[in-house]
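**Student:** Here's the letter readout for the chains.
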Amino acid sequence: MRFMLLFSRQGKLRLQKWYTATAERDKKKMVRELMQVVLARKPKMCSFLEWRDLKIVYKRYASLYFCCAVEEQDNELITLEVIHRFVELLDKYFGSVCELDIIFNFEKAYFILDEFLMGGEIQDTSKKSVLKAIEQADLLQEVYDYF
Amino acid sequence: MPAVSKGDGMRGLAVFISDIRNCKSKEAEIKRINKELANIRSKFKGDKALDGYSKKKYVCKLLFIFLLGHDIDFGHMEAVNLLSSNKYTEKQIGYLFISVLVNSNSELIRLINNGIKNDLSSRNPTFMCLALHCIANVGSREMAEAFAGEIPRILVAGDTMDSVKQSAALCLLRLYKTSPDLVLMGEWTSRVVHLLNDQHMGVVTAAISLITCLSQKNPDEFKTCVSLAVSRLSRIVSSASTDLQDYTYYFVPAPWLSCKLLRLLQCYPPPEDGAVKGRLVECLETILNKAQEPPKSKKVQHSNAKNAILFEAIALIIHYDSEPNLLVRACNQLGQFLQHRETNLRYLALESMCTLASSEFSHEAVKTHIETVINALKTERDVSVRQRAADLLYAMCDRSNAKQIVAEMLSYLETADYSIREEMVLKVAILAEKYAVDYSWYVDTILNLIRIAGDYVSEEVWYRVIQIVINRDDVQGYAAKTVFEALQAPACHENMVKVGGYILGEFGNLIAGDPRSSPLVQFNLLHSKFHLCSVPTRALLLSAYIKFINLFPETKSTIQEVLRSDSQIRNSDVELQQRAVEYLKLSSIASTDVLATVLEEMPPFPERESSILAKLKKKKGPGAVSSTEQEDGKREGGELNGGGERGADSTIAASNASTPSPSADLLGLRSSGPVSAAPPSAGSLLVDVFSEAGPAAPAAAVNDDGFLRDLEPPTESSDSLLAEGPGDSDSAPPSVVSEDPAPPMPQSDELLHKFVCKSNGVLFENQLLQIGVKSEYRQNLGRMYLFYGNKTSVQFVSFSTSVTYTGELQSQLNVQTKPVEPLVEGGAQVQQVINIECLTDFSDAPLLNIKFRYGGALQNLTLKLPVTVNKFFQPTEMVSHDFFQRWKQLSQPQQEAQKIFKASHGMDKEVLKGKLLGLGMALLENVDPNPENFVCAGVIQTKAQQVGCLLRLEPNAQAQSGEQMYRLTLRSSKDTVSKRLCDLLAEQF
Chain D
77 MRFMLLFSRQ GKLRLQKWYT ATAERDKKKM VRELMQVVLA RKPKMCSFLE WRDLKIVYKR
137 YASLYFCCAV EEQDNELITL EVIHRFVELL DKYFGSVCEL DIIFNFEKAY FILDEFLMGG
197 EIQDTSKKSV LKAIEQADLL QEVYDYF
Chain L
1407 MPAVSKGDGM RGLAVFISDI RNCKSKEAEI KRINKELANI RSKFKGDKAL DGYSKKKYVC
1467 KLLFIFLLGH DIDFGHMEAV NLLSSNKYTE KQIGYLFISV LVNSNSELIR LINNGIKNDL
1527 SSRNPTFMCL ALHCIANVGS REMAEAFAGE IPRILVAGDT MDSVKQSAAL CLLRLYKTSP
1587 DLVLMGEWTS RVVHLLNDQH MGVVTAAISL ITCLSQKNPD EFKTCVSLAV SRLSRIVSSA
1647 STDLQDYTYY FVPAPWLSCK LLRLLQCYPP PEDGAVKGRL VECLETILNK AQEPPKSKKV
1707 QHSNAKNAIL FEAIALIIHY DSEPNLLVRA CNQLGQFLQH RETNLRYLAL ESMCTLASSE
1767 FSHEAVKTHI ETVINALKTE RDVSVRQRAA DLLYAMCDRS NAKQIVAEML SYLETADYSI
1827 REEMVLKVAI LAEKYAVDYS WYVDTILNLI RIAGDYVSEE VWYRVIQIVI NRDDVQGYAA
1887 KTVFEALQAP ACHENMVKVG GYILGEFGNL IAGDPRSSPL VQFNLLHSKF HLCSVPTRAL
1947 LLSAYIKFIN LFPETKSTIQ EVLRSDSQIR NSDVELQQRA VEYLKLSSIA STDVLATVLE
2007 EMPPFPERES SILAKLKKKK GPGAVSSTEQ EDGKREGGEL NGGGERGADS TIAASNASTP
2067 SPSADLLGLR SSGPVSAAPP SAGSLLVDVF SEAGPAAPAA AVNDDGFLRD LEPPTESSDS
2127 LLAEGPGDSD SAPPSVVSED PAPPMPQSDE LLHKFVCKSN GVLFENQLLQ IGVKSEYRQN
2187 LGRMYLFYGN KTSVQFVSFS TSVTYTGELQ SQLNVQTKPV EPLVEGGAQV QQVINIECLT
2247 DFSDAPLLNI KFRYGGALQN LTLKLPVTVN KFFQPTEMVS HDFFQRWKQL SQPQQEAQKI
2307 FKASHGMDKE VLKGKLLGLG MALLENVDPN PENFVCAGVI QTKAQQVGCL LRLEPNAQAQ
2367 SGEQMYRLTL RSSKDTVSKR LCDLLAEQF
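Taken in order, these protein sequences are the chains called D and L.
Position one of the first sequence corresponds to residue 77 (the working numbering), numbered consecutively onward.
Position one of the second sequence corresponds to residue 1407 (the working numbering), numbered consecutively onward.
It is possible that some hints are incorrect.
To be verified - Which bits of chain D does chain L cover? Going by a derived footprint, with three or more residues having C-beta under 8 Å, they are:
1) 122 to 128
2) 169 to 182
3) 185 to 192
4) 198 to 205
As the list claims (entries may be wrong) - Capping the alpha-carbon separation at 30 Å, the derived lysine-lysine pairs in DSSO-like fashion look like this:
5) D/118 to D/105
6) D/88 to L/1784
7) L/2164 to L/2349
8) L/1784 to D/135
Hint data in this document are derived by calculation from the structure and do not stem from the laboratory.
Note that CB positions come from ideal geometry on N, CA and C, so glycine has one too.
With these hints in hand, go ahead and build the complete structure from the sequences.
**Tutor:** What follows is the structure in structure tokens.
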């Protein structure tokens, strides 16, 4: 996988993860271009499209689009399920996840994604293993006084 | 499950995020962010040491701001500090910040690497994983250098925890992808393969990505993985849906791992070991069987996961391409998907079937789905699916169904999406040619293409139809008749006019017997389109007209009248004007025999691959065209592969062409010199079509065509494209005349100075010879056309020219000339093209030597080639303030050159302006406070550098005793340039 983007129906980028070195300026350009393409698509259309030299696999969950860019020879359907598994993980962790959870706890969303995917490849497909890693982190949490 | 806002929430961060969300405008958001940045900066700079929590919170805020799209230029140090915290969440935020924001700040990298090293050796699995994640996320070369040796050890060590192994495998994969040279194969590689047997499914899942990548690069070293992968796959495929517990996904056992195993097997040929192969075939059959079983769940996730495995299995079956039974089963399965209600499945089935169509075992099976695919092309609502359907139709096309498929694609074209029209046109054109049994069908198809989608018909397509018509006598009459009919349409596409003009010009006689298409009717029909067409098409039509004069002598007077009309013979376009003049002359002075020879029917083109195919491949990349076609392409002697290359000459031609459109350039109309289209119209038409394959093909093509030179009267220079042909070597080499070049003529400097401010004109003239010059310059490149005119009625023999440049000039200029014909008939003119590249600024001029024999006496004269450094000026506009600022910047004594001299040509303001403009600099108005003065600015473009120059010319009409004087000042960043320009210019006024 080359990168994963989460963005809202209104075109706000909520999460971006790049698995190959890309210049900031190119990132912004690609994000803008891709959002435009994906947001213009109608609901019944297929979830795959060819874009530049990549294949885009995307799916909409409520107000959020999850969008993965994979290589030409990668398996589209399994990529769709990568997205779904990630959504499940978020859902399980946040308890019925919504866009706001991802906005306010963006760092957690990144941690969960990191536990699931690494360098663009699946690290573990077991929901339990991934969540165990995240929970462990939470157990190590200290409670601070708020200022 | 813990609720979200448990313990760790950073309240300050939440407040900040909701502040940002409440901002009504972008400005408000920026204001809020700047406030926060100032706050964080002061905290970081403050005297009070920040505690870990605050540091984490601020770093996290910075990260948030960065992810919003704003630049962050501080905080990196604090993030690095967090790495050494022993509190997990602090460390974690530190790593996250670095993963997202790190750049190649080497000092920082060293600190980061230190932090990573500590965590890797901590033996705390959670910390180790964080560190490995960071390496994988950043993946920079410095990190690879630091850790590429360490990570394989962690990966295969017996006591490494499973979770760390997973991270280590993927971390190594990332480093291998970015810096393969730093990941050294070794003892660990064999142990990595055995991770396929690991009990922990997560470890296998992570490891297999690494193994697949390594196998692709080093297949031999990893080939033991095949049997391991087969047995692992077999165990998964045969397991019940609940056996794998958490690795079962919506009742599908380990779909990710299955897909990856199947993908790994695609790195290798079918297993040689019969038992392994049998087991694998069994697996593949089981997967195909399962597709027919009723679903265990109605959830789309279930069917997606199941079908993901199925498609990967089909990909493996296609990869092996050796099991007819499996291939046909795969095809049938995909056939079912073609009508599935899920758009995704239809899309994938169309895509996958495309590759099946190229296998000999399944091609026929794919063809049985033609109706469904045609239907998809007509009814699918999603353009990307329609595109796949069109691709599949193209792939499944063969002789048996070509007519149907081409007809369907043509009718689809009428409504096709703009984005795919051009490609569709190319595909139709290729299929029509490839499977044409009778060529009248082919001609009809292409003309239909032009009619339906003329705008999308590229030059390749119409060039090709002309080539084919010319090569096949059986279709010429039909083609003439059909284009004649097509041209009857009140509005027809310009491409139709091009094809029509060309074909009627060649074969109009074949239909002239019918009074409805008599020569005059044909001519009037063509000419009725003339005024609507662009210049290249008009030029082509003019050539068709001259061909008419040969074909139908009765049209001569009508056509001559047209050529003679002001709109032709005085056309502002030099190419059209020239064709008109020359064709008119040709038609009036040449005898019928000469005319018939010059304007003879085009000889057949050498057989070669359609350039349309090349274009499609280029457009779609190698994957788009089936492998058999690519094989064909290779056999064609690499002509295709050269498609993108252009020789140095053509590059200059392209950069000099005044029209930006590359097609116009390919036609050779604009960039070829004005005489290039001289009498041999056949030659120039031929070039039009020859250039179809781009500059790569002509060399070879021209070589094949001995007839070309036969067609041309010996006195005519060749067109630039033809001149590149190796065939030219048989013209007399310049060395025939052995005498040394004469020294430069006394007046050569004066002649040179005439061309400083102009680019066209007569360079030299005596009683025998006239030499005309036309030149154009762009950046540091120039192209000069020299026209040698024989003013006598006796031919010049052993005519040769040479350009020499010695000493310093050799490193300053690069001049290429093309040989000229050794015979110049009395009254004729030959053209020579000279390409000039300016490497760096220069002061001397190359010498042009001309030798020939006139009535036995050797003529030998040497001139200076009128190229001066100012030719490479690019004008620069600037306002007064800028001008004088730069003027001051160039105030060192050697940067300035100044001359005070008497006016030798009067002081007419307009004349002066004209000369300064001809110089190539921008003439700046309202810059000099004295309106009588002239100031100019420009940049000299050389390959080595650009030299900015400023000029000031101050006329003084009543200097000492009423004499008219000038003061000329040049300033530039290079002393040699200032001096040379000043010298050159002092001669101009």
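**Student:** If a hint holds in the structure, say so; if it does not, say that too.
**Tutor:** Evaluated hints:
1. 122 to 128: holds (count 5)
2. 169 to 182: As far as the segment 169 to 182 of chain D goes, the hint holds, because 8 residues have Cβ atoms under 8 Å from chain L.
3. 185 to 192: Coverage by chain L holds for the segment 185 to 192 of chain D (3 residues, Cβ < 8 Å).
4. 198 to 205: It holds: at least three residues are needed, and the segment 198 to 205 of chain D offers 8 whose Cβ sits within less than 8 Å of chain L.
5. D/118 to D/105: holds (23 Å)
6. D/88 to L/1784: violated (36 Å)
7. L/2164 to L/2349: With a Cα-Cα distance of about 23 Å, the restraint between residue 2164 of chain L and residue 2349 of chain L holds, given a limit of 30 Å.
8. L/1784 to D/135: holds (26 Å)
Against the hints set out earlier in the document, a violation occurs for number 6 only.
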